[in-house]
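Starting from the known structure of chain L, arrange chain F on it as the hints suggest.
There are 2 protein chains.
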Amino acid sequence: MPKFLIAGTVAYDSLKTPQGERPRILGGSGLHAAVAASILLKKINLLSVVGGDFEPQYLAFLQKRGVDLRGLKIIKEGQTFAWNGFYEKDMNVAHTVQTALNVLTQFDPVLPPEYLDSAFVFLGNIDPALQTKIFAQLPARKFGALDTMNYWIDSQKENLLKAIAETDLLFINDAEIRQLTGEDNLFRAARVLLTGRLRYVIIKKGEHGAMLISAERIAIVPSMPLDEIVDPTGAGDSFAGGFMSYIVEHASTAYPQDTPLSAGGMDWDTLRAALVYGTMTASFNVQGFGCEKLAEITKADLDERLKVFREITRIS
Amino acid sequence: MPKFLIAGTVAYDSLKTPQGERPRILGGSGLHAAVAASILLKKINLLSVVGGDFEPQYLAFLQKRGVDLRGLKIIKEGQTFAWNGFYEKDMNVAHTVQTALNVLTQFDPVLPPEYLDSAFVFLGNIDPALQTKIFAQLPARKFGALDTMNYWIDSQKENLLKAIAETDLLFINDAEIRQLTGEDNLFRAARVLLTGRLRYVIIKKGEHGAMLISAERIAIVPSMPLDEIVDPTGAGDSFAGGFMSYIVEHASTAYPQDTPLSAGGMDWDTLRAALVYGTMTASFNVQGFGCEKLAEITKADLDERLKVFREITRIS
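Protein chains in written order, with this note's numbering: chain L, -5 to 310; chain F, -5 to 310.
Bear in mind the hints are in silico, worked out from the structure with no lab data behind them. Don't take each hint at face value.
To be verified - Stretches of chain L that chain F covers, calculated by requiring three or more beta carbons in the stretch to come under 8 Å of a beta carbon on chain F: (1) 195 to 205; (2) 214 to 221; (3) 263 to 277; (4) 304 to 310.
Claimed, not checked - Subject to a maximum C-alpha distance of 30 Å in a straight line, what follows is the list of computed DSS-like cross-link-like pairs (lysine-lysine): (5) 36/L x -3/L; (6) 83/F x 151/L; (7) 83/F x 83/L; (8) 83/F x 156/L; (9) 301/F x 199/L; (10) 10/F x 199/L; (11) 83/L x 156/F; (12) 70/L x 37/L; (13) 199/F x 301/L; (14) 293/L x 70/L; (15) 301/L x 70/L; (16) 10/L x 199/F; (17) 293/F x 156/F; (18) 287/F x 199/L.
Backbone N, C-alpha and C fix where the C-beta goes; we use that ideal spot for every residue, glycine too.
If we strip away everything but chain L, and leave its shape as in the complex, we get (with noise of 0.2 Å):
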């Protein structure tokens, strides 16, 4: 298996939701992401800061689910990141009521020796510049990942350009391509940004599904139905984190090691695929608090659920 890397926050999540409340949980793009990719892989390599008061139990956890720590900067003398908001009944909009960055402003993304030959990486939401950073250590990567969202859109564009252009492939919700392109719609959104080393773009739309899109070819897939959302917070990383797992487990034996994928690009069925059980995987974080229900679950979970899908999307 090929290794894996994943940079992104590890946060401190207080949440209220139509559905409950929970203080100071498991959250950030990066924790998400590795929780979910650890359902399908047995080693994920994590690139994250936490401050002192990041609990044991926390670290001891994610060792547990096989996610590599060497990459996990203890700040001893700080704070971990924390992010405390609600969700009203329109889920698709978080309402924030702090935001206290702590230890991700003292952020320094060097990797360790044991990273650097990561093959396939994935890059959560955080500042471009140190996506850039992180991309520029790791020049013989395969296949590469970034999130953004819509503050780095508004405040550091000419940065995150800079980032997208080290990528492979883009995840991007629709409003967040809409402003970054000026485009409305969304497949010439898409157009605008395929150039250069990015060959693919995903375009995720929350209950609305997701578009995979690349020069030549489009792939839609709606979000699984479900009667009740616990929480939204981190479906866009589970989804990613889902995503990658089943590249890197696939692109294991498809590829060999010395074939660079951005050269030719991946293979359309295997994008397709990861497309499909991204959205299996975060159907169930959203469905408790933080990532709680991803924690239970395992392969057989999503491809069971799998098989509902095809059966609600198939196309005679």
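Showing chain F alone in chain L's frame:
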């Protein structure tokens, strides 16, 4: 082929979209549905009303498409229902400049004798009291479908619920079903309505596709990816017209005339295929102003696009 009745408005639309403008072109819920359905079906019974200003060339156009006009009342001293509106960049939102109901206020939906044995019925968006009045004239109908809009939910909710109690299938959009039921979750919202005769709800989500929901099952279809929307007017009506035409065409062989479909329900695979056909039909509708694009295409065009759509939505 069993008889198929479409009731709804026939209108003069004056439109402006980012792609151009058209004064006084053919529009209306009944018109869009009838033009859409006539791609598959050789004969459609139309029940509607127009004024003395309705041009003979449009009557000839409809007749040529197999639309029976014995149910199209012409009130010579009146003016045809007219809608004047525009769309901005976000074409999900129609902005109304002026609505002139004109002869629509005198619409008394009495079926001509030749329509009274219509087995399949689609009632486009009109006053729900009139919808109920039409259903009452068709006690032996096999399968009725009904569309509505937020205006009637606001102003005539009780009458609308009465009309819904008489239909087998309800077309409604996501915002409307939330408004009508007070349920934010679309699957729960559909189940609130699924009692009595109503067995199927189709939730239209515009660019995000459509969902067919019964008490036991769900089918989800995304919309066809398009680089450009010329005019979204009538998308929902043409979707319903395309859907119903597929049902009528296939029900004629699958169900003998003397089996009431409402008793045993419709074959799920036929409904699901109709959902896809409606999606293809609507995708052509929005590629031209009014119904100009629909009027150009044939079943072969729908089938060709369907092949592309299958590839885009295939889940391996």
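Cross-check of the supplied hints:
1. 195 to 205: Coverage by chain F holds for the region 195 to 205 of chain L (4 residues, Cβ < 8 Å).
2. 214 to 221: Coverage by chain F holds for the region 214 to 221 of chain L (6 residues, Cβ < 8 Å).
3. 263 to 277: holds (count 4)
4. 304 to 310: holds (count 6)
5. 36/L x -3/L: 11 Å, holds
6. 83/F x 151/L: Distance ~23 Å between residue 83/F and residue 151/L Cα, so the pair holds.
7. 83/F x 83/L: 27 Å, holds
8. 83/F x 156/L: 28 Å, holds
9. 301/F x 199/L: Holds: residue 301/F and residue 199/L sit about 24 Å apart, inside 30 Å.
10. 10/F x 199/L: 28 Å, holds
11. 83/L x 156/F: 28 Å, holds
12. 70/L x 37/L: 26 Å, holds
13. 199/F x 301/L: 24 Å, holds
14. 293/L x 70/L: 36 Å, violated
15. 301/L x 70/L: With Cα atoms ~46 Å apart, residue 301/L and residue 70/L exceed 30 Å; violated.
16. 10/L x 199/F: 28 Å, holds
17. 293/F x 156/F: Roughly 36 Å separates the two Cα atoms, so the pair is violated.
18. 287/F x 199/L: Status holds; Cα separation ~29 Å.
Going through the hint list in order, the structure does not satisfy hints 14, 15 and 17.
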